[in-house]
Structure formats: structure tokens, C-alpha cells
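Residue numbers (my numbering), protein chains in the order written: chain E, 18 to 429; chain Y, 165 to 345.
Since the hints were derived computationally from the structure, they do not count as laboratory data. From the three backbone atoms N, C-alpha and C, an ideal C-beta is built for every residue, glycine too. Each hint can be trusted.
Dumping the calculated DSS-like pairs for lysine-lysine here, alpha-carbon to alpha-carbon at most 30 Å:
(1) E:Lys-25 - Y:Lys-239
(2) Y:Lys-200 - Y:Lys-185
(3) Y:Lys-336 - E:Lys-19
(4) E:Lys-21 - Y:Lys-335
Computed far set for chain E versus chain Y, every beta-carbon distance over 12 Å:
(5) Val-138
(6) Gln-255
(7) Asn-258
(8) Leu-286
(9) Thr-331
(10) Ala-379
(11) Arg-391
Quick list of simulated restraints, FRET-style, between CB atoms:
(12) Y:Lys-229 - E:Met-18: 37 to 43 Å
(13) E:Tyr-423 - Y:Lys-185: 45 to 51 Å
(14) Y:Lys-175 - E:Tyr-385: 31 to 37 Å
(15) Y:Glu-235 - E:Ser-380: 50 to 56 Å
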Amino acid sequence: MKNKDIEKSLKRAVDVVAENVFTDVISFCDESKEDNIILMTPEKKNKRNWIKYAAAVIAVALIGFAAGIIYSNYFNYSSVVAIEVNPQIELKVDSEGKVIRAVAKNKEAEQVLEGMELKNVSLDDAAYRIISSLAANGYLNDMNNSVLLSVKNVRGGGVSTQTLISGADLAFTDTSLDGAVIMLSIDDDDDRVDQLARDFNISEAKAELILQITDTDPTQNAESLSALSVNELCAIYQSRNITNTNTVLSGSVSVKAYIGSDEALNIALNDAGTVIGVVSELDVEFDSERGVMVYEVEFNAGGREYEYDINAKTGEIVKRNIEGDSSSSGSGNNGSNNNSSDSYISQQAALDAALSHAGVSASDIYDYSVEFERENSIYVYEIDFKSAGYEYNYEINAVNGQIIKYEREWDD
Amino acid sequence: MSCTGAPNTEKLEFYIIQTAKGDREAFSDLYRATYKSVYGFILSITKDTHVAQDILHDVYLKVFKHASSYEMRSKPLAWIYTIARNLSLMKMREGKRSYENVVSFHNEFSSEDTAQALDRIVLETAINSLSSEDAAIVMLHAVAGFKHRQIALIMNLSLPAVLSRYSRALKKLKSIIGKVE
Chain E
18 MKNKDIEKSL KRAVDVVAEN VFTDVISFCD ESKEDNIILM TPEKKNKRNW IKYAAAVIAV
78 ALIGFAAGII YSNYFNYSSV VAIEVNPQIE LKVDSEGKVI RAVAKNKEAE QVLEGMELKN
138 VSLDDAAYRI ISSLAANGYL NDMNNSVLLS VKNVRGGGVS TQTLISGADL AFTDTSLDGA
198 VIMLSIDDDD DRVDQLARDF NISEAKAELI LQITDTDPTQ NAESLSALSV NELCAIYQSR
258 NITNTNTVLS GSVSVKAYIG SDEALNIALN DAGTVIGVVS ELDVEFDSER GVMVYEVEFN
318 AGGREYEYDI NAKTGEIVKR NIEGDSSSSG SGNNGSNNNS SDSYISQQAA LDAALSHAGV
378 SASDIYDYSV EFERENSIYV YEIDFKSAGY EYNYEINAVN GQIIKYEREW DD
Chain Y
165 MSCTGAPNTE KLEFYIIQTA KGDREAFSDL YRATYKSVYG FILSITKDTH VAQDILHDVY
225 LKVFKHASSY EMRSKPLAWI YTIARNLSLM KMREGKRSYE NVVSFHNEFS SEDTAQALDR
285 IVLETAINSL SSEDAAIVML HAVAGFKHRQ IALIMNLSLP AVLSRYSRAL KKLKSIIGKV
345 E
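One chain only, chain E, in its complex shape:
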């Protein structure tokens, strides 16, 4: 057995033994007051007090019965609808599409729901009221116009997604907002969604959207995406023309907060010392880099492949990757392009520096990755690898090969 197997085994074993406790706890909490809890464990097992004891047992049984009824009503919803901008609201809906209750999932949502009575309200009306309140409270505006809606049907529920979208559209019209909606259906049995939501402390709707993005483009990093706002995620989704039968994008996600793809392209072309007329394979898309929105600009020119990440708000070049030059292979100074990468040490030299510092030989490493990045105005190679149970992370100055940062931690 390996370490990972032991860890998984422990996790599974505890899942089996601890899952059943919750039902007991919640049903008692529904009715629980100090007295009831004491009744659960009579203080003295005095035989002469048997009448008292029997009464206590009957009382517990009755409370259990009453709690059971409350429990079943309270939890008897057939769909969960989530509405998220930054405020996160959940509606528990019955089989007829009426709201049983609305739950604020964060502090901002409490403000949005304040004074709103949604019980027994139809779903389109609830969506209308909540989205109007989101706009009134300043969470939706020209720069930030997207709402993430999701439906998870449990116990045979079947909420119409069109109802929700029409409620949202009406709210946009009434508040004169040019809004956008991404409407998702979440599969109750999809463990990946649940796991991702737990791992990054995000909603299931966000997790589902992130999975759709990473499934289309596996180079996308879920951790980085999880740090983005709803509008940012929707902008990435929109720019990648993702098609998924369970997802509807209605309206146009605002990108007014960003410099624009033309400007991003110009910045990249200028940096590469080339012009639009000579490049091929051009592609500009939204992407995220360590939780920051960037334009990913890719093109080929002069026998090289260029890949840039440009900060979508500031226009700063946060990553630059230039590959392939038959004539100079990165070490000469004869490049016809005005390309500063010629004066950098090679990837191999950077890796050698890291390995020699770590005292690890190249044959012993795995999960190796290297990226050429700009950090604090200098260009660096960021090198990650694992060896003998440890995870290493190095930043090597790409000009002089110096180690800028070094981290080693137990690989968990």
C-alpha cells in the first residue's frame, strides 16, 4: 500500500461510520431545547424512578416523532435553484415550482434578501425580485452584468429553466440593464462538481461552469479560475464559444472593465516587434493566470510561436513564451526580431541550477513543469517538480540564473 492508498482508505472508512449521525442530530435540533437534550440521557439509573424514566422515554419518542414531521417538511424540496453574482442565494423549490424558502449563502446575500418574502412565490417572480434587488444594491451594473443561475433537481423535481430566464430578462428590462445570464443544470450525482466546490470553497454553480471550461481546454487551471468573479468566469465562457447542451448563455457578458482584445493584441505585437500583416495562427481569448483575468494572445511569426498573457485590466505583460527559432535556438544574438529572449539562459540551464541546489538528480524527478514568466518586472523561469515525496518550487532569474525563490514542502 502506498501513502495515498492509506489516506484514501482512512477517508472511506470514516465516511461509512460518520454519515448516519447527522440525521439524528438535525432531527433533535429541530425541536431541541435544553430539557430535551437532558432527557436523552437520564442522569441516574435509579430503578425506583422508573415512572419518571418511562415518561422521559415516551417524551423523547414523541419529540422524535414531531421532529421527524418537521424534518420531512423542511427538507421536502424537489429542486434547488441558485442565483449568484457575488451575493449567493439559494431557493429551495417544491414540485410545483413554488419557493419553499430562500437561503442567503453569504453576508452580501442577506442584504439582497432583506425584507423580501419569497415563500410560496413562483420561481419566475422570485428570480425577478432577487435580480431587481441585486441591481438596486449595486451588484449588477454596466461593467458587471452577469448572473449565474443554476438548477439542481433532486427527488424527481423538474424546474423549467426557461421560467427562470424569463424572470431574469424582465428584471433586466425593468432596471434598464443590459444584463447576461448563464443558466446551468447541475447533475445531483456529479461527484466532480461537489469535490471542486469543496476544494475551492465555491458554489456548485461556479464549480460546474469551471468544469465546462476546463473540459473544453485542459490547460485551464481550476484553482486560478475559482478565484475569479462570476462576471469574469462568464466572460471566459463567452469568449471560448463553449457549447454544452445543459447550459444557456442569454445576453452578452460585459467586458467593459477590460482593455479589449485589439489593444491586448497590439501590446503583444509591439513586444514581439512584429506587425499584424505577417503573423499567422492568431488567437486572442480570455484566460486567467493565478486568479487574474488576462488576454491570452497566440500567434506565429518569423518561424516562432508566441504566447502572451496580458493583464486584461492594466495591459501589463504577465507571461511571455516564445518557442522555436531554427537559426538561433535562444542563445545567439542574431535574431532579426527585436526579441529580448535571446539574452536569457536556456530552460535546461535553469533546471540544472534548481536541481543542483535541491541536491536531486534529473532522473529522480517527476511532475516536472517549467514556465517562463515575468514577475516584479524581471523575467524568471518558474520550475516545479517532485522528488522523493517532496514538492519543489523554484524561481530562477532568466538572465543570470540566480535562484530568486525556493520552496520545498511535503507533497500532499
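Position chain Y against the provided structure of chain E, taking the given hints into account.
Structure of chain Y alone, referenced to chain E:
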């Protein structure tokens, strides 16, 4: 690098505040976000799955009842752990015996298959062959998903100490389980 696995403090505080207002939904979220680590922690002290489940039950009843007395800016998990530790110790005193020496694993796995049997053996081995503190380190990491540095904070140990104890504990488990397999 963000912390994954362990629930975030702000969210837990929000759940506790809502629980204090009687919001059972928030209480349910709080329970789901924390019970595994709390159970693992109790189990590492009591070494008895039934007793640990009883205590787990009592811990969350207390959390529900006393949510309003939770003070903001303190640590929500530390608060729950304190309740769990106190109740575990109280239960041990009530039983007038040290659970340290009593090994009691009940068959929670009705119609247990081979894979489940192995999981149970691993859990039993972890609880029985490791010291309470080492078992807690292993449970907090493997079951609750805490990073080693978070465990170091919770248990008031240095990071290197947690790393080496974790690695030694797993080595020990591997060698014992290897003999069983």
C-alpha cells in the same frame, strides 16, 4: 497557493452566526463542512467508533445550542475542537476507564466486502497502533484534508514535527498493514 480541503474560516463563522439565528440550513452546511475532521479527532482520543459517534452527536448539539455564544474573530474550528475535546475527556472520566487501553471497533460495515474490510483494517490500525497525537495528525490530514502547516497550528506543533511524525506514522501503518494483507 490557496488552502484546499479544509473549510475556510469566514464561511464557518457565517454558518455559526446563522445557526445562532436558528437557520438549520446553515447548521447543516456547518456540519457537513466539519464533521469528518471532528469525528477523526474524537476517534483518535476515544479509540471507539460507537463512543466517538455518540460524542460527535453531542458536540453538534452543543454547537447548535451555544452558537450564539461563539465569539467572532476567534477560530471557529478551534471552538468546535475544544467542545469535542472536552466532551471526549468527560466521557472518558464518566466511563472511569481510559479508552487509551480499550480497543473497541464495532462492525459498522454490514455486508462488508473485501475493499471495505481493508478500509476498516487501515482505520483500526491507525487508531490502535498510533499514539493519540499521531493518530490525530493522520486523521486531520487524510480524512479532514488539512495541510500539514494547518495541523501544526491547530495542534500547536512545529511544521517539521508534524511532517516527520506524519511520515513516521504512515511508515508504521504501511509495515503493519503489509503484514495483514
